[in-house]
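Residue numbers (the working numbering), protein chains in the order written: chain A, 5 to 174; chain B, 94 to 251.
These aren't lab readings, by the way, just hints derived from the structure by calculation. Where hints are given, some of them may not hold.
Examples of chain A residues lying across from chain B (beta carbon under 7 angstroms, computed) [claimed, not checked]: (1) Ser-24; (2) Leu-27; (3) Gly-29; (4) Gly-128; (5) Thr-152.
DEER-style ranges, computed between Cβ atoms [as the list claims (entries may be wrong)]: (6) Pro-147(B) with Val-63(A): 22 to 28 angstroms; (7) Glu-146(A) with Leu-187(B): 18 to 24 angstroms; (8) Val-63(A) with Leu-127(B): 44 to 50 angstroms.
Using N, Cα and C, we set each Cβ at its ideal position, and we do this for glycine too.
So you can see what is in the structure, the chains are spelled out below.
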Amino acid sequence: MPDAGLQVEVPKKSRVIRESMVLLGIALLLTTVAWAIRPNRLPMTALSSFYDLELPAPVVDLDRAMRFYAEGSHLFVDIRPIELGVSPYIPGAFAIRQNSFEDDLLAAGDFIYPEDPLILYGSGNLQEVAAVASRFIERGYENILIMTGGIEAWHRAGGPVTQAQEEVHD
Amino acid sequence: MTESAPGRLGHPLCEGIVLVCRLIVGGTLLYASLNKIAHPEAFAQVVHNYRMVPLALLHPFALLLPWVEAVVGLALILGIYRRGAALLALLLALMFTIAVSFALARHLDISCGCFHTDGGDAVGLSLLIRDIALVLVCLVPLLSRQGGWSLGHLLRRG
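Isolated chain B, as found in the complex (with noise of 0.2 angstroms):
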């Protein structure tokens, strides 16, 4: 199978649904991204209420999650290594739909930490689809043949 050729967009419907998948999941991770980089303190007692992550990884993992959501929401939006984003965009809605379901089924009462470190939306059915859902929407801009519209379109136009 072969990439479009570079520089080529497709049918403008399928570059925009690509586009558009493509900013939602970058929007919403680097948007998630910023309350914990500016608290890694407090997302790091987020991260800890899940009982799932070993004491002993608890600040790298905290410290570096939110750069990951940051760096892969940024290329996202901007349509840089499209893929690779979005296989690990992919990865994290996968890691979030499963840390979620665990809490569920342990019946925590926690906040999610999404997106607020205090406080925010406390982790329930509706945050399982919500992220189940987010899971759904990568799969648009990994597999699609069309890249959507991007940054690299425009450079190479220029």
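Chain A extracted, bound-state conformation (with noise of 0.2 angstroms):
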């Protein structure tokens, strides 16, 4: 009978090394084949200009903005381009979304107004919100914050979400 106990030993430096050299390589070799046959490929090289992005108006973070929702102080608007519903929102949120801006913005029309205090948020992707955030700002909104971390963070860290069509403006 075996012994129950289980043993430990110190391995083969060498073979241990030869084994991962194996699986790097494989692992290398996927990663070429899957890179040179996927249409839209991620180029070798990052663009500093495209990941050093300045946003065109001021952070906030999670704590002050579930703050300033508890408050009422600020209007929230969801850029994300998803359909109402689909995901969850911060209730009373406006949806106004990159690629419907104009009619989205002119259907809130009645309830957003230039001076008001505005936070963004959208999924994490904060390229995403500050693209919305300069089309804003082009037409005269001032008071623009951007909310880091996106809808699930917020989630995750205690904020009211719902899932209703009818809570988020649009």
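Both chains are sitting in their own frames, so use the hints and assemble them into the complex.
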């Protein structure tokens, strides 16, 4: 009967390294093939202008954003390019999306004025939020904040969310 | 120190423990790799948010890491090159732990990007604890003499 205890041994270094190198080589091969056959492949060079994004408006962290929500001092704007009710929303948020910005802003015109303090949020991608923030600023909205983390982080931090379509103004 | 003879299994309980550890680590890595492989652009943004990888290496890193996770995860699940896979898994888990630690120290309010590139778990203490636990679990298949039931054992029996 084999020993019932979990037996520990220091493995041979050369063998472990060899196995690791083989696995890394397989991973590298698969990476290369997957990258080569992908239609819209990620370029090998990352552009600093893309990643070192200068945000057009100040950012607000989740704690502050939740405090503003509780105080009712800011209007929340959901910029995600999705259909209403598909994903959780911050209750009372306005859906003003990048690809339908003018139409959405027109529809919300009775509720959002240029002097109103707005907090923009998305799915966590700051570039998307920044793009919509820029459009707001171009239209004369000056009191814009960009929420970091996105709706998922808001939900996980305990922020209220709703699935109901009627809770989101459009 | 010598390995167990090929084809010979140890005590079922020990083999089972090693197998469970392999499946936990392997399954976690394999699952974590899927969304990253599907969305490399989003994953590159996630990696950039940690502010640890130089811009020149960002895209190659974002492209390679998910495939390393997938290959290592699959190798652990199947029991192929167990120790090599466990070593790589350990290094990955250590890297994740260090990255989360740095993010916490710098008070970065970012998503971890562990399993989803669009949101997901925020970087926090619970995530750090989870990564440390993963490091510890990786040690079992790396250091254990028993390999746990594996594809190799099945093939040798056949």
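Does the Cβ-Cβ separation between Pro-147(B) and Val-63(A) fall within 22 to 28 angstroms?
For Pro-147(B) and Val-63(A) the Cβ distance comes to about 24 angstroms; the hint holds.
Taking 7 angstroms as the limit, does the beta-carbon of Ser-24(A) come near enough to a beta-carbon in chain B?
holds, 4 angstroms
Please verify that hint: Leu-27(A), Cβ, nearest Cβ of chain B, below 7 angstroms or not.
Interface hint status for Leu-27(A): holds (5 angstroms vs cutoff 7 angstroms).
May I ask you to test the interface hint for Thr-152(A) with respect to chain B, counting a Cβ-Cβ separation under 7 angstroms as satisfied?
With a minimum Cβ separation of about 5 angstroms from chain B (threshold 7 angstroms), the hint on Thr-152(A) holds.
Looking only at beta-carbon atoms, does the pair Glu-146(A), Leu-187(B) fall within the given range of 18 to 24 angstroms?
violated, 47 angstroms
Given Gly-128(A) was flagged as interface, is its beta-carbon under 7 angstroms from a beta-carbon of chain B?
Holds - the Cβ of Gly-128(A) comes within 7 angstroms of chain B, reaching about 5 angstroms at its closest.
Quick check on a hinted range of 44 to 50 angstroms for Val-63(A) and Leu-127(B), using CB atoms only.
violated, 30 angstroms
Would you check whether Gly-29(A) satisfies its interface hint, that is, whether its CB is within less than 7 angstroms of any CB in chain B?
violated, 9 angstroms
Comparing the model with each numbered hint stated earlier shows that hints 3, 7, 8 do not hold.
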